[in-house]
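> One letter stands for each residue in the lines below.
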Amino acid sequence: MRTALAVLRKDLRLELRTFETVPAMALFAVTTFVIFHFGLGQATISGQLAAGVLTVTVLFSGMLGINRLFVTEREQGGFDAFLLAPVDRTSLLLAKAAALFTFLVVLELIAVPAFGLLLLGPSLGPALPGLAVVLLLADLGIAVIGTLVSAIAVHTRARDLIGPVIGLPLMIPALIAMARGAAAPLAAHGAASVPLKWLEVLALYDVVFALLAYAVFDFLLEE
Amino acid sequence: MAGTPAIELRGLARHFGERTALRDVSVVVPAGATLAVLGRNGAGKSTLLRILATLLRPHQGEVSVLGEPLPKRAFAVRARLGLLAHEPLLYRDLSGRENLRYHARLYRLPEERVEQVLEAVRMGGRGDDPVRLLSRGMIQRLAVCRAVLHDPEVLLLDEPRANLDPAATGLVEPLIGRESGRTRVLTSHDPQAALAEADLALGLRDGRTAWLGPAATVTLEQVRELYA
Amino acid sequence: MTLLPPTPNYGKGLRGLSLATVATLSVAFALVFFYAPLDADQGFVQKIFYLHVPLAIVALCGFILGGLFAIGHLRTGDRAWDMRSYVAIHMSLIFALGALITGSIWAKASWGHWWVWNEPTLVSFLIVFLLFATYQPLRFSIDDPERQARYASVFAIVAGAFVPLNFIAVRLAQGFVHPRVLTLGGGNLPGPMRLTFLVSLVGIALLFATLWKYELTAKSTRMQLRALRRRVLGDEAIRPLGRSAAPS
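Chains as they are written, first to last, in my numbering: chain L, 1 to 223; chain F, 1001 to 1228; chain A, 2001 to 2248.
Hints may contain errors.
As the list claims (entries may be wrong) - Pairwise CB distance ranges (calculated):
| # | chain 1 | residue 1 | chain 2 | residue 2 | range |
| --- | --- | --- | --- | --- | --- |
| 1 | L | Val56 | A | Leu2233 | 53 to 61 Å |
| 2 | L | Arg74 | F | Arg1224 | 36 to 44 Å |
| 3 | F | Gln1222 | A | Leu2228 | 30 to 38 Å |
| 4 | A | Ala2020 | L | Leu211 | 38 to 46 Å |
Note that these hints are calculated values from the structure, not bench results. Positions of the beta carbon are idealized from the N, C-alpha and C atoms, including for glycine.
Please construct the entire structure, taking both the sequences and the accompanying hints into account.
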């Protein structure tokens, strides 16, 4: 646990020092909203359409973060340094997933208000509680799968391509739940509560893949 | 435990796909001794070092470091091993001090230790500059700090004096040199220099042992044979 | 001198299995065309169901089997398991493609469209197919064979666990369940249809098993041949295998 915290601190410090990842993700998200505005040809959107647009945008912005997650380790010897140390190797998974989760949350803190401003028809305020729950649960799943996929991708030749190609199908159940779940809070006639079944699907997805990732991660670090 | 050799290799082999990097390598290194590993590029020197560092697992044969068999007991020896590799293993955007503090946390060491090693290599003043702004010699000094931060009993050195000017070399000697008292395995492209500071020498050629013996008895012929 | 590791003899029983497969498939063929009654609404085209559903079921089982073999590989470190996993997944991918194509034909004939989104099983299947289609590109992009095998196994396990989760999520997402016979349990089938379906299912499963064994035998033989040649002729005489997605 202490190790995971040390690695997380290091990653957050690096991000604060270089601002490599989160600003790019946020910028990408806002630009995507603009593109959607023109692509959809509508003044405002609501309900399922809005939920879908938000989901896709968060996902693709998240992909940028996922691609970068292990690159410094690979390029600057972070893997070796970590593997040499007398530490539990799964703490790397914990630390990186926590870092990715943090990046996603910060991204959403910027992207959701932007979304409310640029695209959303109904007011954002009443939608926030329901939306927040859906997004947080989904972020957990994306963080776990993203870390796993990023760790796989960083050792392949086609690094930036393999990550999304493997990650996107794996994330589909979470995305289905995220998009369907967010539709209710974003409804045109007034925010409704999120149907429980979607929260259950997200929770199940998070638990299953967190356990799986925990079980297999060690094998990705060996040489 | 006075008699236990620090490092014991018996019939070590390691492949990469169909290519054999090491084949049937055996050597015993007593505690406190220095082993020089010589050979040209691709002979298997780095592979050997990485196996001893527990970064690679052996495919055949037996490896034991400080009495612990690898890879089974790798976790038990990691805290007592240090590796000075080709790459400094430092994050370029963090300062020397931040890098070393991170490693101190990984090894559960007190922060004072970081200041201690920084002072020993005279990097205390530049410790807060991001690594990417430092010269190669300074980076190498920081890398030495990282390698000996946890005061390892066994030190694995891959070209340790690369990028160091004579003054800096003098600074790092007490930490990684013969007088440090550590068991050392070192590789170098300067056979004369390596043999001068070693007790034992192993010559590798295409992954196989070309010759093995006390460093003092290695002839010029034997060295030439490795690079032929 | 490295000893040749003992390799399992995949070829054993291959002939018997092949004969059983041919026999079962012939019987299935006969049943489909001469025994099973014509479906009231869909007519003759409905008979593609006897091909489509078994292909889908066997493909899914094959994917999960690939995941199970991968667990074996990670636990024992024995590359033979990785080979079994690779062949299972690669075979299943082909069967899955067959399932998608036959599914599409059936959709066109029954509902007039080459693809329908309101058929949750078909949609889930597409997603699973897209996921496992990345297995070979993944292997192909990792040079070190050991790492390749390990990473492929990790992927196979995660992807195998993904299959049931995916089906649950997609089924929940569909607004209504289209009334059709496409239940994986073959639930509401009348007698003669059920028999035909079961025979087809067994036939396709046997086909999978035969092809799986066949490919494993071929690969294993090739590896043994290379190892022998290397022993006799020396390392240098053997040209390295070209970049390949297959385990070496």
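> Under the constraints set out in the numbered hints, which ones does this structure not fulfil?
none
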